[in-house]
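S.K.: The primary structure of each chain is shown beneath.
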Amino acid sequence: MSDIILETRNLTKHYGGVRALQGANFVLRRGEHVAVMGDNGAGKSTFVRQITGVERPTSGEIVFDGEPVQFAGPIEAREAGIETVFQTLALADDLDVPDNLFLGREMKLFNLGPFSILDYKGMREATLRGLQKTAVKIPNIRNTIRNMSGGQRQCVAIARTATFHSKLTIMDEPTAALGVQETAQVENIIRNFKEQGESLILVSHNMRQVFDLVDRIVVFRRGRIVANLNKPETDGQDVVAYITGAKTGAEYEDAA
Amino acid sequence: MSDTAHGVGGLPFDASKRVWPNELNVFGALVLIVVVFEVLGASLMGQSFLFDSQGRFDTIFNEQRLYIIVLQVSIVGIIAIGVTQVIIAGGIDLSSGSIVGATAMIAMSFAQVAEVNGQPNPKGVFIEQGWVDLPVVVPVMVGLACGLAAGLINGLLIAYTRIPPFIATLGMMVTARGIAKWWSKGQPISFPTQEYAAIGNGFGGWMPVVIFVGLAILFQLILKFTVYGKHTYAIGSNEEAARMSGIKVNRHKVLVYTIAGMLAALAALVLSSKNLTAQAGMGVMYELDAIAMAVIGGVSLSGGRGSIVGTVIGALIFGVIISGFTFLRLDAYYQEMVKGAVIVGAVVLDQWRQRYQALRT
Ligand SMILES: Nc1ncnc2c1ncn2[C@@H]1O[C@H](COP(=O)(O)OP(=O)(O)OP(=O)(O)O)[C@@H](O)[C@H]1O
Ligand SMILES: [Mg+2]
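Just so you know, the protein sequences line up as chains A and B, in that order.
Just add 14 to wherever you are in the first sequence, counting from 1, and you've got the working numbering.
Just add 3 to wherever you are in the second sequence, counting from 1, and you've got the working numbering.
The shape of chain B in the complex, shown without the other chains (with noise of 0.2 Å):
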């Protein structure tokens, strides 16, 4: 009987009706802005905006169009699944933006050849060292542990300061960013090795979309089937509760920080590979694209609900918006107002849907 029991005694229940999940509602989101865009583009521009009006591409899509939103997409998106189990956590982390700079900068010098059509890297940082053409898990590894410590110092200060993570995490941003800054004075970092350069371009340009969806699924089953998943939610949704219940709230708040600050090392990887290239100012603003795409996704700022489905679907919105912004030509000014009314409706929407859902259950 205990396969078919769901409760014991009381009201009613009807087993068949199952709760409507708040993902689908967001995936319906994702259709209707994409329903809003194609006949706009029907009507102002002529032509269609997912599919291919022209007879251009082997299939119905616009694959041209549809790669460079999955592309736009991934590398942020690999940022908002650490942002999102933060933010589930009850947390915040305003600092992955400018980690991302700062690990680029500090990964790239790593990653550098000795010598490009014969002379000398000209943007070769370590030359004099000879730390040239290294092999890649070097690095990878060096960005890596750039995040690692990033993120455990922001999961040390919120777990054992009174810092709330707003604060804490504020001041990393600031501090990383000037860490990229004053790696190599402002100048740029060129010329990967080939290995490098792969991390971001393999696949025929598909690997950051790899990285991404791969980490999505890990993380997606991680959160619902892991010990380290259903803790994250407890300390979201009641920390005091959850410390009562004897879980080490501190120890698992610095991990989940940590978590976030490698996966924006990754994503500082993969863009630096892709754009062959590392900039101090590169991932400027990532940290709110981030969380708007968790927050478009459904996770609630207040914590304890959400999950990695509903950021990925909340990042193709995002990707659809900026991409339908552009495919109607509308200028890049226009384009940062909307965001920002985008990333204030996202969270309104979650006011309101706390509120509904109490009206309605």
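In isolation and in its complexed conformation, chain A is listed as follows (with noise of 0.2 Å):
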């Protein structure tokens, strides 16, 4: 079994001229937590949308769990082990939490294809599980997502993360709207994943957060990789500096 859990070669996006993502070499070892840092439309989440099968990237390749892999949508995607928040949440505003949390794979008392019988049962005291691991505060797992907080809905795209075991997961921006609690607890859920040996990639513009829980900062600017820095080797400073482009690694400075 290779160390490596991902890897991309050359992945590049276009979105007919704009080029949101060009080349990026990366890669993950198994168990690492790594923190994907950049400005804004850096391009941070169109690399997310590559690796997670929403979109088919222009060019490049993506080795996951030392497959070459092309995943033809998401649920290929997390079937193959990657579990994502993503940052728009990807939530369905009319359906309640446990509908969410199993949204494309419900559990079923009878399996009829598309007109499978839902198990509401189970999988409402799943998402009670699910949601008492995240330590998410949410009064009445019945409620719609639509007449949630802005918090609580973040709460339930990760807590559909957290229930679910997975090989890597991804979570783009994920306390953009928390408050201090909530903060600390999906920081404490990050932690748990690191006990566990899960990989993670976190993506966010929080300094402290990152130098808090990560290994490794890979800055993105302008749709290339520019930094790739061990934390120990690292600063607050010295990563802003990469993200404003005062300086370039010195194995990106032809890219750049």
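To be clear, the hints were calculated from the coordinates, so they are not data collected in a lab.
Do not rely on the hints blindly, as some may be mistaken.
[What the hints assert, rightly or not] Listed next, the stretches of chain B that the computed footprint assigns to chain A, with coverage defined by at least 3 CB atoms under 8 Å from CB atoms of chain A:
id, segment
1, 32–41
2, 219–230
[Claimed, not checked] Stretches of chain A that chain B covers, calculated by requiring three or more beta carbons in the stretch to come under 8 Å of a beta carbon on chain B:
id, segment
3, 82–89
4, 100–107
5, 176–184
All figures in this text were calculated on a predicted structure; none of them were measured in a lab.
Every residue, glycine too, gets a C-beta built ideally from N, C-alpha and C.
Once you've looked at the hints, go ahead and assemble the two chains, each given alone in its own frame, into the complex.
M.R.: Here it is as structure tokens:
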């Protein structure tokens, strides 16, 4: 078994003329926690969408768990073992918490193809267990997402990934709208992942959080990776310099 | 404890206070409308609207009027079931009325008897081919296949091209009506077999109602308790999220529109059978009536919200209003105008309800 869980080679995504992601070479080792940082529009979410099968890359390769992969959709990525909290959260507003947690992978009482009967009770109980794990505060899980606070919505999306076991978890700005306690809670979940040896990619703008949680920091700028920094060898100022363009990693000079 | 837990922590939650289902509001509106007609009836006509004020029936109800209301509503109601799930999935279907027309013509021409009063069937379409006196499964299958084909084309266009549902189904509306007129060059098609006639007239004339209610129950259960239903709501609620959650959105849409097409075809079978004839103009405006029933019943045109139960009550409201105007001897012109106003009113109410809900909860 290879030591590397995810590798991208020359991963590129163009939206028409917009070069949102260019030649990204990225390596994640098993059990490693890596932060992806960069200014707004740097291409972080685009990067996430390519490796999770939401979009098809313009060019480049993705190797996951030792195999070259081309996910036809997010469900394939998920079945391969990648759980994702998308920046847009990907929740259905008119459905309640269990519905959303199990959206696209519903528990079934009888399997009748598309007309399979749902196991509401099973999903509710699993939801409560999942939420307890994340210590999220949601007074009534039967409430629809539409009627929830921004933070609660985010918690539902995070609980969705924490409820299911995976080889790689990706979180795109998971604490952007969260309060102090909730942020701490999500950070605890992430530390839990670390203890259990699950790999993680964390997209975040929060310098303190990144330095608290991860082993390595990868910086994106204008669609390119411009730095790959081991935490012990860097500090906040250094990272900011890479983000803003004051500095570029030696191995990326030609690219930038 | 999992039986009693409703959530985890946070604000106090009183589980005894259930959310008031919107269907109850709609039902309240139905009762209110009936009361209005009763009051108008008593003051203007000197008789009751739905009750037996002249001792003509065995029960306290005006059975005849109730029957007419329910029967009138049933056939369009079958269409409205299909339209409801289309709207919940965030779409719209304008083609159902025309699918009724085309399906009625085509199916009926496979349901004809060979001879009428000892003479060859004067309206026979396939007499030369000898396709007469066929078993009833033939026209039923042919009819359902028409609906399936039309719905499938709608679904494929909407899912795999970027044509919005409004335009795609508008195209189908015009095309299917064209087919209905072209099929027999405008001639009505009549004289079906006994078995075919039973589809719309069986159970002492209650067959359309039985079919409507049966399908309504079936689809209420499907939407509530199956993966199909969950995904329908999810797609109407947030298509992007549904896609990211791994729901095969395109495939699901094709299925939704195909089912809607087949329900419209079924309505065509019932209607042509009940009338013992098919005409190219059958089902004109039914698509709007069906949409109106759904919207009156609380199905949100923006998708993700509503239920078949709501649509059934919406259908009854629709039937009561039409019947009420006839009862008050209002001219047909006024009826159509008011019908239009009711549809617009229901949409406005939907918008208002969405905003009001956000304020209240
Ligand atoms: N579907 C799309 N079509 C066209 N351009 C797009 C699309 N999605 C993203 N972009 C562009 O790609 C660039 C990168 O966007 P992306 O969402 O990856 O940024 P980000 O690094 O996640 O930023 P943020 O920190 O604000 O979330 C932006 O310039 C954006 O406008
Ligand atoms: Mg982003």
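S.K.: Look at each hint and say if it fits the structure.
M.R.: Structure-based check of each hint:
| no. | hint | verdict |
| --- | --- | --- |
| 1 | 32–41 | violated (count 0) |
| 2 | 219–230 | holds (count 4) |
| 3 | 82–89 | holds (count 3) |
| 4 | 100–107 | holds (count 7) |
| 5 | 176–184 | violated (count 0) |
In this structure, the earlier hints numbered 1 and 5 are contradicted, and the remaining ones agree with it.
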